[in-house]
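**Q** According to numbering that gives the first Met the number 0, the sequence shown is numbered sequentially starting from 0.
Take these hints with a grain of salt, some might be off.
To be verified - The calculated lysine to any residue pairs, modelled on SDA-like cross-linking and capped at a C-alpha distance of 20 Å, are:
| id | residue 1 | residue 2 |
| --- | --- | --- |
| 1 | Lys385 | Arg397 |
| 2 | Lys488 | Leu507 |
| 3 | Lys488 | Ala116 |
| 4 | Lys72 | Asp15 |
| 5 | Lys488 | His190 |
| 6 | Lys385 | Glu375 |
| 7 | Lys72 | Thr86 |
| 8 | Lys488 | His441 |
| 9 | Lys72 | Pro20 |
| 10 | Lys488 | Arg505 |
| 11 | Lys72 | Gly23 |
| 12 | Lys72 | His98 |
| 13 | Lys828 | Leu864 |
| 14 | Lys488 | Glu157 |
| 15 | Lys72 | Asn22 |
| 16 | Lys385 | Ile369 |
| 17 | Lys488 | Asp238 |
It is worth saying that the hints were derived from the structure and are not from the lab.
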Amino acid sequence: MSTFFRILGPLEITADGVSVPLNGARQRTIMSMLLLSPDRVVSVDTLADAVWDGAPPPTARNQIAICVSAMRKIFRTALGPADVIVTRHPGYLLAADGHRIDALEFRAAVARGREDARQGSPEQAAAAYESALGLWRGDALGGIEASRVASRAARLNESRVEAYLEYTALRLELGRHEDLLGELTAFVREHPLNEQANAHLMLAQYRSGRRADALETYRAGRRELTESAGIEPGPRLRDLHQAILRDAPELALTPVREPEPADPPPRHLVPAELPAPTVSFTGRERELAALDGLLAHQDAGGPSVGAVTGIGGVGKTALAVHWAHRVADRFPDGVLFADLYGYHEDEAPRRATEVLDGFLRALGLPAQDIPAGEEERARLLRTVLKDRRVLIVLDNARSFEQIRPLLPGSGRCCVLLTGRDVLSEPAGAYTFVAVPLGSLPHRDAAALLGRVAGAGRVDADPAATSRLVELCDGLPLALRIAGARLAGKPHWTVRTAVVRLADHRRRLDELSPDERGVRACLRLSYRALDADAARLLRLLATLEVPAFSAWAGAALLEVDVIEAEDLFEQLVDAQMLEPAGAGPEGQMRYSFQQLVRLFVRERALLDDTEAERAAAVRRACGVWLWLASAAHRRLYGGDYTLIHGPAPRYPLPEDVADQILHDPMAWFERERTALTGLIEQACAQGESAYAWDLTLTTVTLFQNREYPENWRHCADAAWRTAQRAGDAVGEAAMLHSLATLDIIEWHLDTARDRLTAALRLFEERGENAGRALALRNLALCERQLGDHAAAAVAGRRSLELFRAAGDRYAEAHVLVLLAQIELERGDPKRSLELSADAVVRSQTLGATRVQAQGIVRRAEAYVLLGDGARAEDAAREAVRLVRADRDRRGEAHALRALGAALWCRGNTREAEDVLRDGVFAARLVPDRFLEARAATALSCVLAQLTWRGEAAEWAALAGRLFAEVGADRWEAVARRLAAAVQDDRPAADLLFALAMP
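I would like the entire structure built from these sequences, with the hints used as guidance.
**A** Encoded structure:
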């Protein structure tokens, strides 16, 4: 089915020519925002800002979800089952594949036109522009009132104007000036302040023999500019006006050629070979100061060597030339300069013999006195330089072997090298200063942009400037190209450039206008890599992982860790990776600059097959899954509370694993972004077994360290992947995982439905470990819904299955749950027995989190039994354990239990302080139910202190929070408490609310 999304005019969607209507302004606004960024995630917050014009209500996220769901139904009815709108954290994206979008077709046609024009094919270029402009039906997204949409649509309208003016320039070049008179006159009438349009009209009129009309167009345009904008026409328009007045021959279709420039003057005897410094050179004070250190060494006697190294485009040559000009007067015998072509697209690295010949001639030796051999020339250069002070700049050095013959042997000369690879060999024989060059700091990068594009434009929008610096990686070459484009487009703002660069698919195109751009610069470094290093680089770039250790490379290449580390270090030396510091386990980490990653991903598409790239993702998933499983076992004493699928793992040597997983939870934290990225890639690649197994294993992190958004995003994506793959166990596992999160967030009805479905799938597949997990959570869900009998039945069935499977951790966890159920059923003695059993078992396993939960249950039982002293001892022990484990949720529970115990003992003031801490701890999780529980207990304590007004406020807050999460039973408790506070009842009457677990 052919679907056409049209936004170059009013929003219009058709399927096989039949209109697909959307219902209401909200749906049209959301669809407009998605179509403005096809195949890119638009966050829910951004959509909400657009729909409600920057002031979304508290329920905005739910309302957006409802709108998206309604649109999906419309599209499924009209287009079939394939998802047009895809959920992707942190929002949604419109999947453009297989559909037509006029804005994309417009951009592609304009790009073709520009390329044809650049290649010298104006006829083809004009046809491409005509096709592009024919897609427009009016103002982009006309009729959509949302200001966020309007501002984005305005940029599209600007691109239409820009394309039209490029089109008219081509038609003028092709001699079609008479055809343009009418439409350009109308265009200038609509855009009177557009100087380029005025210039095109003037030129068309002049070439059509209407010189007077051209001059009148200038006068009218100048009058409009001065009266409306208070400015004079720019230099290009003024120059055209003057050219028309004097009938300048260059206005004809075939301009008169300028005479060839004269031959350059002969070179001076004292060499001064430096190229001109870069006008826009900015910053680098620290590096310049380091190079100044060469002068101090030179004054002390003996030659000195400095080496500026860094990635292509980072400004090595600019720094070297700038510094050399600055200190040239310190070298009375001259400055020599040679580009060694160490990295060049078409030229081989220059041989030392050739460079030596040039240097010796520059130093005044006649050609007949220069020997033929490299060694003889090198000795002669050392002799000539012996009593001279000469600065030698060797640019783009490839290796030490290339430069060694060019170095002086003695005297007070100074040599400055630049190169992409680390050049440290001179350190042993010379006074040596290494100057590694990285990206420009933000302030200097912004200043560089300002020097190229104009400081006023850059200063006018600091946020956009900051983003542009980020998109350029602070790389001077990229910054200069972006700045030059802005300078050449006076109608652009910095934000225009940001929008264009923000699309990672075209960023390198934007920064590679010719063979001196970023892509060409990176290609030279890439071509110099050996095959294994280049392959590792491509495979790393394939992964959605921000930083890597050597063990990841070992898995990708199936080599040992030391061999992989050597390759990583080669890539660092070649400036294709950056050191990202060592982790606490001592493993060095490495990362990409974003522009390098984008370039290497292009190379991966060219150099590797799709099967090879997919295999790399599987190997990466395999090693991260192996480590995640090992980290879980180290935390819990075994593969407890987990089920695993058939996805192959890539094991590492035990000694390597011991080093990496010295602190298992710290490893999970460090690799969180990598794990979520790999789960997304596994889903995108249809690797269901990896997707759900990685997700379930990473819940160790998501739950313990409170990352609910990561959890839900990964579990939902893995669940959908399992459904598509027909992977019933994976589907059940993810339903169970999503239900666990639903319970935590009090979506209890949804949780029960998911658990029921998961239990059925587990039972159909005979997956007893999965059945046990689903039953445990079903017991928890039923307890929170208030059906304690059903909860106890499910809990006991779960306990039996866990015992049969030997899952001791889960057994202890279920005992804690059963203790809580018995407490709520009014049997604190039975609760004490169950919690004591749980504590003993968890202590044996070293499972401090479950141990703390069991101790909290024990403290609550003692409160109900009126034994405040034992309750306090237990609660304080629980607080100690959860704080040592950084368990924020557990801390909120333990503080509430401690507050109740203190209240029970009559330590009301201390109870108040503890419970206020408990409220704060719950807010940090954040968990509204926990906050409401702590607020309930605090209200009781404040009531006993006779602070009835504040007590009532806390009771009311608890009621509202319980209502928000749908905890009806607890809301009733809060209402009952509020009534007791207002009636000024005795403290004993409040005990039920305080002590209720």
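**Q** If you check each hint against the structure, which ones fail?
**A** Of the numbered hints given earlier, those the structure breaks are 1, 8, listed in rising order.
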